[in-house]
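Chains as they are written, first to last, in the numbering used here: chain A, 1 to 189; chain B, 1001 to 1836; chain C, 2001 to 2240.
Simulated from the structure, these hints should not be mistaken for laboratory data.
Be aware that a few hints might be false.
[To be verified] Computed cross-link-like contacts, DSSO-like style, restricted to lysine-lysine with a CA-CA straight-line distance of at most 27 Å:
| id | chain 1 | residue 1 | chain 2 | residue 2 |
| --- | --- | --- | --- | --- |
| 1 | A | 64 | A | 16 |
| 2 | C | 2073 | B | 1292 |
| 3 | C | 2122 | B | 1292 |
[What the hints assert, rightly or not] Some but not every residue of chain A turned toward chain C, in silico, with C-beta under 7 Å:
| id | residue |
| --- | --- |
| 4 | 19 |
| 5 | 122 |
| 6 | 151 |
| 7 | 154 |
[What the hints assert, rightly or not] Pairwise CB distance ranges, derived in the manner of DEER restraints:
| id | chain 1 | residue 1 | chain 2 | residue 2 | range |
| --- | --- | --- | --- | --- | --- |
| 8 | B | 1374 | C | 2117 | 30 to 36 Å |
| 9 | A | 150 | C | 2146 | 51 to 57 Å |
| 10 | C | 2019 | B | 1446 | 45 to 51 Å |
| 11 | A | 97 | C | 2012 | 32 to 38 Å |
| 12 | B | 1374 | A | 97 | 49 to 55 Å |
| 13 | B | 1446 | C | 2016 | 29 to 35 Å |
| 14 | B | 1374 | C | 2134 | 30 to 36 Å |
| 15 | C | 2012 | B | 1446 | 32 to 38 Å |
| 16 | C | 2015 | B | 1391 | 56 to 62 Å |
| 17 | A | 97 | C | 2146 | 38 to 44 Å |
| 18 | A | 26 | C | 2226 | 39 to 45 Å |
| 19 | C | 2015 | B | 1244 | 51 to 57 Å |
| 20 | C | 2117 | A | 150 | 53 to 59 Å |
If you're wondering where the values come from, they're calculated on a predicted model, not measured in any experiment.
By construction, the Cβ of each residue, glycine as well, lies at the ideal position given by its N, Cα and C atoms.
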Amino acid sequence: MSVRHAVLALLSEGPKYGLRLRHEFEERTGEVWPINVGQIYTTLQRLERDGMVESGLEDDGPQKTYRLTAEGAAELNRWLHTPPDLGSPPRDELVIKVLVAMHVPGVDIGEVIQTHRRRVVELMQEWTRVKRDASEDDISLVLVVDAELFRLDSVVRWLDAADSRLRRVTSPPTPRTNPAPAKRKAAAL
Amino acid sequence: MTTTLTPTRPNLTTGRTESRIANRAVARWSRRLLRREWRQQLLVLTLLTVAVAATTVGLGLVVNVQNGDQVSMGSAATRIEVIASGPGTAAGIIATFQQQLPDAEVIEDTHIPIPGSTASVDLTAIAQHGRYSSPMLGIVSGRYPGAGEIAVTRSVLSTFSLHVGQTWTVLGQARRIVGIVQNPKDFSQTFALVAPGQIANPTSLSFLTNAGPNVASNIQLTGGRIVGIMSDGQSLAARKQQQALAVLLIATIGLTFIGLLSVAGFTVMAQRRLRSLGMIGAIGATDRQVRKVMLANGTAVGVVGAALGTVVGLVAWFALKPAFEKVVGHSVDSMSLPWLDVFLGAGLAVLASIAASWWPARAVSRMPVVVALTGRPPAPQPAHRFALLGSALATLGFVLLVLSHNSKTLLIVTGIIATTCGMLLLAPLGVQALAGLSGRAPVAMRLALRDLARYQARSGAALAAASLAVGISATIAITAAAQQTHDRGYTEGNLPNNQVIVWIEGGGSGPASGPAIKAAPAPSRNSGPTAAKIATARAVAATIAKSLNTTSIELDVPHNPDAPTADGTGPGVASIVRSATHNGHSGFEFVDQPYLATAALLNFYGISASDVHAAIITSRTDLRGAKLFDGARDGLHAITIQVLSKLPKYTSAPDALMTPNEATALGLTTQATGFVVQSAHALTAAQIHAARAAAASAGISVETRNTTDNSLQQLRDWATFVGVLVALAVLAMTVGLIRSETSGDLRTLTAAGASGATRRMLTATTAAALGLLGGIIGTAGAYVALIAWHWHDVSFLNKPPYLELGALVIALPVAALVGGWVFGRTPSHLGRVRGE
Amino acid sequence: MSALELIGVTKVYGRGAGEVQALREVTLAVEPGELVAVMGPSGSGKSTLLTIAGTLESASSGDVLIGGMPVSKLSRNQQAAMRRRAIGYVFQDFNLLAGLTAAENVALPLELDGVSTRTARKAALEVLDRLSLSARAEHFPDDLSGGERQRVAIARAVVGERRLLLADEPSGALDSVNGEAVMRLVRSTCQGGVAGVVVTHDAQLASWADRVVFLRDGRMVDQTAPPAGPESLLQADAAR
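Okay, chain A solo, but in the shape it has when bound (with noise of 0.2 Å):
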């Protein structure tokens, strides 16, 4: 999520000074992502030199408050409607050490990915506490929590998968008298 956005999303609400924004900032996401002041400052800058906020003195303080311009509120809705770039792979780290594995001679595959399953998992137990002792009412924490655990247990279902098709290819490293009862013991539980 990018801070430019984040700040027009605030401003649509009504006008704001600076030190709000970062305030509500840190308390819409959850205080998960900290963020300083000078980052708010910069990218209000750049807004208002884009035209996509204007600035001006409040008739009762010292603060320099910001409004969204109608240009800003355009971009605003037009970023909100547009898909994020899924097309282009990430390089995922994980993705790469298990394809490295397969061919590293003495490596027990299963075992790496079993220690990166561990770890995934333990790392959403995590998660799940924060979410656990999170508030009912703090509805963009666990909006947040959700998005981390759903993207940490697509990795797990990821490391499921590449276990199940590695086993079904290589031949599985523990003798087995008779692979067919077994998927037939699958299908009794």
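Position chains B and C against the provided structure of chain A, taking the given hints into account.
Chains B and C in isolation, oriented as in the chain A frame:
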């Protein structure tokens, strides 16, 4: 909720109060289950009701199918028959009896001849509300006759062309007909009734008394002699024993039937509940509690089914009574049911139902909870293992039935149950054979048959129930058919209904079968009709034959010209006899009248001379060892006898023929005795009347069929019909029960685009398969049991009722197929998933 | 003492060529108050592990101790009593008795155990209230939504003084939000001192546990490390 784990072990025992509460909870749940699954319960309940009702009706039938001695004895213990030696002696005889036997009730009798016929009608005087005779007398309409009045049976009205209200001159006395009567114990009895004392000169007197048969020996009579004493003593005991045996048989078969149906029903129920039972097992219900759910169900269904079945059975019994009376030919007291057995049967039905629910309950409770939770039935046992046990059991049952000698109760009961269970265990083999044959059948048929094979427990029990239903009706049909060929005198009557015999003199060739004590002295033909009489009879026969567009055939008897003529009993006619001892005197008794095997007569019965290999040919199978009495004193000769089934089996027809060669060898001559006239069709009442009139005008008499009795045939048709109906009903219900379990499959089939026809095919195939196997197994089972039962005279069974058996084996599956197709519509709740 | 202890448990199905080893030498201890998740692919033996722990099946070898008591030494009836009193079992497909209302379903284990109907009902209503189901107490399972049914099933599993809560894919048939609600419930139950074992193949659900055990081909291959504080997570992420 904040409990800490206590280090002590949890107490795992349960107190009495606790278990009572637990039982209540289980009971509540089973009640709810009953309510939720009432549709399925309804099927089981109906099956049970039908079975109990059938047993109740069956018990009523066996107890009432025989009328016993009440036909002629009423409620008395002894009947003493006296023949008055001459007119005017009756009053003295009656006085003597009343003095010696104060309770004796008198019945006066004389004969009213039917003009032109060998038959006669009894004129009887019976008191209106006789002490003992009241069960023998029923007034159908009108009233009891007073002085100068008479009441008659319907048959008398038609024989003499009378009507009620008319004045009828009987034996020289004019009497007004005031009512129609009958003997409720034998509807076929023909008689005219007057008040006591209204018969001027009774030829015979009967005294009914409660005293034992020995009292007669103390009575000194003048003016008459005692010719017969009938006592219910021995025959009653024998009849009671026979009846008890019949009741036992019906009850055993009925209860086995009930048991099988219950097992089928409860196996399906248990299957349906497998998951629920697994669930409460997982929650921590004990095995006993799990069993209790099924047992509670079994008890509830058993109690309701038994009560309902008894009520339905009684209602059916009352409703069927008139039809049943018509079939058996005597009135039946609706209340004369073996009540104790009926209620005992109902009680046992409850027990059977409980036992039937216990079996699957036990299987479920023994199953690991995890297996129960999957809701899948355990893998079927291989069919051949059952088949082995089944054959063993069936063989055991067979042997037991053979050993029972038709009387040892324990052997009979265990024999029947073993045979039935054996058949039950053989059923899966049949199902599997069918499933194996279905390889290339359309998918719906294949699926239906494979389902039957897969769910052996329920298809096996359903099949066994259907088989038993078929078996019961097959047994009745086979037995009735055998009885009909066997029991010649009773079933065949004196003559076929399309024949007239013009007797030159007297009539009849032998005594009607009946209690031996009644056996009159052997009737004997007079020494010889005159040539004129023979010519007259020949002319009458020719007239009758002409009116019927046919010809007459002369009947000749072998006659001994040397026979003495002194004692008036009439000499000369040879007869077939058997040595006998009577009242301490040894002698011989008349068995049959042989006729001469003339070429015309042999031709008439389609017998060629080359078929004849013995001196005597006969249709009777009971003449072995009999001798020929040549008509002269002590003239007994050994004879060779050949059984020829082409000869008639009627008592008055020539059922035994002597070859002319044999007659010549014994020095016997030929004597004409009568003429047979046979019409192409049954004689009408008008034709009989005409024949009688022709004979009467010539001073001779004719004999025609004297009964219209074909009750066994009727009973057989009835039994087959009812049996097929019950089998069909049982089949329909069991098929419903089985198919109700496969609604899931139906849904899948529908989703896969199966048409309505496919779904109908499923039901129709299931029904037809069960019907076919049930028909085969049932009939086979019936034969096995009957062969064992009649082991000592298997020839008894040598005339199977092909038509009825064909109906069972072929028509039943066809009806099931059609029924399954018509009624095998998709259930309306197809979309609904099972609740649990 | 552990609430549940599996010692070298092996389970073999079938015989001869068709023999299948569902569990091999599994050793696992679950402490009171601890929630353990068992993860593994289909056929890894995780459901078998649960049914053996729940005394619904017996182990081929090895021993199961519940509250320190070896299950193999108990009769079938004593095992049933154990299921009524000490073990709560939650199934993937709810397994409520269709003929009984929600409250009656929850009260059933108590009643089977001989608790008077009134007391059992009171306890059942209390639990249902805690799970915000008091309005549904008199409804039959057929009239409840999937989430509600599973909550009733959990209520039935925790009613009374249970020491062990076993759940087999308790949210398998539910959407993720309902599934999470179920796991929250299981979690809070365990915090009250009950030992819990949840079998699942869903990492998100497993992550509610204190400890995740990995099963593969009937063998316990791995388990997660004891939990670190949530702060570490934030720091680690902030540093990224």
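**Message:** If I claimed the Cβ atoms of residue 97 (chain A) and residue 2146 (chain C) lie 38 to 44 Å apart, would that claim hold in this structure?
**Reply:** holds (39 Å)
**Request:** Just tell me: holds or violated, for the beta carbon distance of residue 2019 (chain C) and residue 1446 (chain B) against 45 to 51 Å?
**Result:** violated (32 Å)
**Request:** With respect to the beta-carbon atoms only, verify the hint that residue 2117 (chain C) and residue 150 (chain A) lie 53 to 59 Å apart.
**Result:** For residue 2117 (chain C) and residue 150 (chain A) the Cβ distance comes to about 46 Å; the hint is violated.
**Request:** Hold the hint about residue 151 (chain A) up to the distance rule: shortest CB distance to chain C must be less than 7 Å.
**Result:** Violated - the Cβ of residue 151 (chain A) stays beyond 7 Å from chain C, reaching only about 11 Å at its closest.
**Item:** Restraint satisfaction for residue 19 (chain A) [CB to CB of chain C, less than 7 Å]
**Value:** Because about 21 Å separates residue 19 (chain A) from the closest Cβ in chain C, which is outside the 7 Å limit, the hint is violated.
**Prompt:** Does the Cβ pair residue 2015 (chain C), residue 1391 (chain B) satisfy 56 to 62 Å?
**Reply:** violated (29 Å)
**Message:** Tell me if the beta carbons of residue 2015 (chain C) and residue 1244 (chain B) are separated by a distance inside 51 to 57 Å.
**Reply:** holds (54 Å)
**Prompt:** Okay, residue 1374 (chain B) versus residue 2134 (chain C) on CB: inside 30 to 36 Å?
**Reply:** At roughly 33 Å between Cβ atoms, residue 2134 (chain C) and residue 1374 (chain B) fall inside 30 to 36 Å, so the hint holds.
**Request:** Given the range 29 to 35 Å, decide if the beta-carbon distance of residue 1446 (chain B) to residue 2016 (chain C) lies inside it.
**Result:** holds (31 Å)
**Prompt:** Has the given pair, residue 2073 (chain C) with residue 1292 (chain B), been kept, meaning a C-alpha gap of at most 27 Å?
**Reply:** holds (26 Å)
**Request:** With 51 to 57 Å as the target window, see if residue 150 (chain A) and residue 2146 (chain C) comply at their CB atoms.
**Result:** Given a distance of about 21 Å, which is not inside 51 to 57 Å, the answer is violated.
**Request:** So, residue 154 (chain A) near chain C? Judge it on the closest CB pair being under 7 Å.
**Result:** For residue 154 (chain A), the interface hint is violated, since the closest Cβ of chain C sits about 9 Å away, which is over 7 Å.
Checked against the numbered hints above, the structure violates hints 4, 6, 7, 9, 10, 12, 16, 18, 20; every other hint is satisfied.
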